[in-house]
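Novice: These are the residues of each chain, in order.
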Amino acid sequence: MRLIWCGLLTLCVWLDTAIAQNAPLRIKITQGVIEPLKFAVPAFEAENLGAKKIAAEISRVVAADLTSSGLFREIPSSRFIAQRKTFEEPVRFPDWRAVNAQALVTAAVTTNGSGKLTVKFRIFDIFSGVQLGQGMQLSGSTQAVRRMAHKVSDQVYERIIGEGPYFDSRIVFVSESGPKDKRLKRLAIMDFDGENMQFLTGNDNIVLAPRISSDGKKVLYTSWETGFPQIYLLDVETGRRKRVNTPGDGVAFSPRFAPDNKRIVFSYERRGNIDIYLMELSSLRSARLTSSPFIDTAPSFSPDGRQIVFESDRSGNQQLYILPVTGGTPKRISFGKGRYGTPVWSPRGDLIAFTKQSNGRFGIGVMRIDGTKERLLSASFLDEGPTWSPNGRVIMFSRQTRGPSGAPSIYSVDITGRNLRPLNLRAPASDPSWGSVLP
Amino acid sequence: MRSIYLNVAILFILVACSDSEGGFGSGSLGTDGYQGSGFGQNDITSSTFFKENVGDHVLFKVDKYTLNEVAKTALDIQANWLIENPGFVIIVEGHADERGTREYNLALGFRRAQSVQEYLVARGVSGLRLKTRSYGKERPVEICSVERCYSKNRRAVTILASGSS
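First to last, the protein sequences are chains A and B.
For the first sequence, the working numbering begins at 1 and goes up steadily by one.
For the second sequence, the working numbering begins at 1001 and goes up steadily by one.
Worth double-checking, as some hints may not be accurate.
[Said to hold, decoys possible] List time: in silico EDC-like cross-link candidates among lysine to aspartate or glutamate, alpha-carbon distance up to 20 Å:
#1 A:K85 to A:D95
#2 B:K1131 to A:E88
#3 B:K1061 to B:E1142
#4 A:K242 to A:D204
#5 A:K52 to A:E88
#6 B:K1072 to B:E1142
#7 A:K337 to B:D1063
#8 A:K217 to A:D260
#9 A:K38 to A:E158
#10 B:K1131 to B:E1118
#11 B:K1131 to A:D249
#12 A:K182 to B:D1063
I should point out that these hints are in silico values taken from the structure, not numbers from a laboratory.
Given the structure is predicted, the values throughout are model-derived calculations rather than measurements.
Same shape as in the complex, but just chain A:
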């Protein structure tokens, strides 16, 4: 038995007697067309009476998670031929082939009196008629049922798709209310699927563009608490916030963490000129990274922490530039028709996501870090502010509708441009910032 995680949730891989195959089931991608993989998740078995509701909930959440990726399609249980009674009973592959299932997830859920929740699960490749990898076991608290489900989904996703996990992650965003000219804004945090929403600030000041640290513990944002925009640092756990003292008499905004969470980059306005600064949080020592008489803003680090990408209007309108954090001459990477802003470096390091304005529309796009292979993933009246899933596979952004009652909501899209979908939230929401997978 191998212990992979400790903490709230622990994952164990146990040695199964069943024949395991290690080659993952792969999604077929032919000429950019993805055929979602058809999977079946029979209701998870409850091994004790107390686990019944939880088992049902976990199986529902797992199915919803996988479906939300756009890479899977669920086979409704009404079509099932095989009626499974226990977790240990053998899988009748012909019954699952008959309903065109390609993958099957089976699981058993146990709870005990002290609030411990255990899920055992197996993944099967139906066409090959074998179990995919080892069976796995996750332990956690009955207080964190949805998280447990997301962890199961992440394991299934990783094994079948062969990419990193992202379901068990949280997103910081701005929750909005009130009329457009007197909008109230407050920071909030939620699970990747919009559940478990909690407010992090009150709504008595304008707040915008929160950025979560890579460990998910801190949030940088801009607030008008003093009447003037300032950078604040918020502790997610305690809700305590403090102003980040930036150098001199200028105004700092648009902050973002370095991957080490010890340094930040931000825009700094002084006498109408806006440049980019780097600052160490512990010492407050700062360095000016750009010194142009133009608007340099929206900086974002590369995942190795060595470079930043930012937008500047030095060429006459908003374009994207890359600059080493040691300084030097920024290198322009965007050359298409239109304006490019809010660049964000992908966690894999290979792509930059951005907001593009052209022909009166705003869309989210991606390009390689050398500016080639630009692709637009969305377009509407006003799409802006992309943020990457922890595995670099999905992008979330804000989409605002037009008109006096226009309001923002958060959308997600696969980096192929498929599977564009709104998050199901109760209130208008903007400026998502996607944190990493929870430990």
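Could you slot chain B onto chain A? The hints should help.
Specialist: Positioned in the frame of chain A, the structure of chain B alone reads:
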């Protein structure tokens, strides 16, 4: 005193006739301005008079922060009044319409506010009385999504607060 404001009033009428985009006129601004000292609207030294009669804002073209002739004339009048009423500290607030990304519009708002501040200083208003701030696209005065509203949201507003300079 009176004759100066008679001149202001005449200028006001001239400008108002020459261009409807002059940046005058009243209408409530979404921003919470500080009230001066509670004088009535007819008190020509009150912040209310400044806002409603002298004119407290200027407008900008799409993605621009330069002052056109209409804006400069409006700021000449603002500057005269501000010099005559030294008891106010001044915050120039820059705004943008919704057709831009959030950070860029915040930056653009700063530039608009800076343009106004520099102009007022050049016309003799003490820089020590002046501060700028930007709200980007966060505080529109008009909420429709057409140019008629956008043109009013691309603005810099001169907000007065009583205080020593």
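Novice: Are the hints correct? Go through all of them and say.
Specialist: Taking the hints in turn, this is what the structure says about them:
At roughly 15 Å between alpha-carbon atoms, K85 of chain A and D95 of chain A fall within 20 Å of each other, so this suggested pair holds. A distance of roughly 72 Å separates the Cα atoms of K1131 of chain B and E88 of chain A; the hinted pair therefore is violated under the 20 Å criterion. Restraint check: the Cα-Cα separation between K1061 of chain B and E1142 of chain B comes to about 16 Å, which is no more than 20 Å; the hinted pair holds. Taking the CA atoms of K242 of chain A and D204 of chain A, the gap is about 16 Å. The hint holds against a cut of 20 Å.
For the proposed pair K52 of chain A and E88 of chain A, the alpha carbon gap of about 17 Å is at most 20 Å, so the pair holds. Simply put, K1072 of chain B and E1142 of chain B have alpha-carbon atoms about 23 Å apart, too far for the 20 Å limit, and the pair is violated. Restraint check for K337 of chain A and D1063 of chain B: satisfied, since their Cα atoms lie roughly 17 Å apart, inside the 20 Å limit. With a C-alpha separation of about 12 Å, the suggested pairing of K217 of chain A with D260 of chain A holds against the 20 Å cut-off.
Only pairs whose Cα atoms come within 20 Å are accepted, and K38 of chain A paired with E158 of chain A is accepted, the gap being roughly 16 Å. In summary, the hint linking K1131 of chain B to E1118 of chain B is supported, as the alpha carbons are separated by about 11 Å, within the 20 Å threshold. Taking the CA atoms of K1131 of chain B and D249 of chain A, the gap is about 11 Å. The hint holds against a cut of 20 Å. A threshold of 20 Å between alpha carbons decides the hint, and for K182 of chain A with D1063 of chain B the separation of about 23 Å lies outside it, so the pair is violated.
In this structure, the hints that do not hold are numbers 2, 6 and 12, in rising order.
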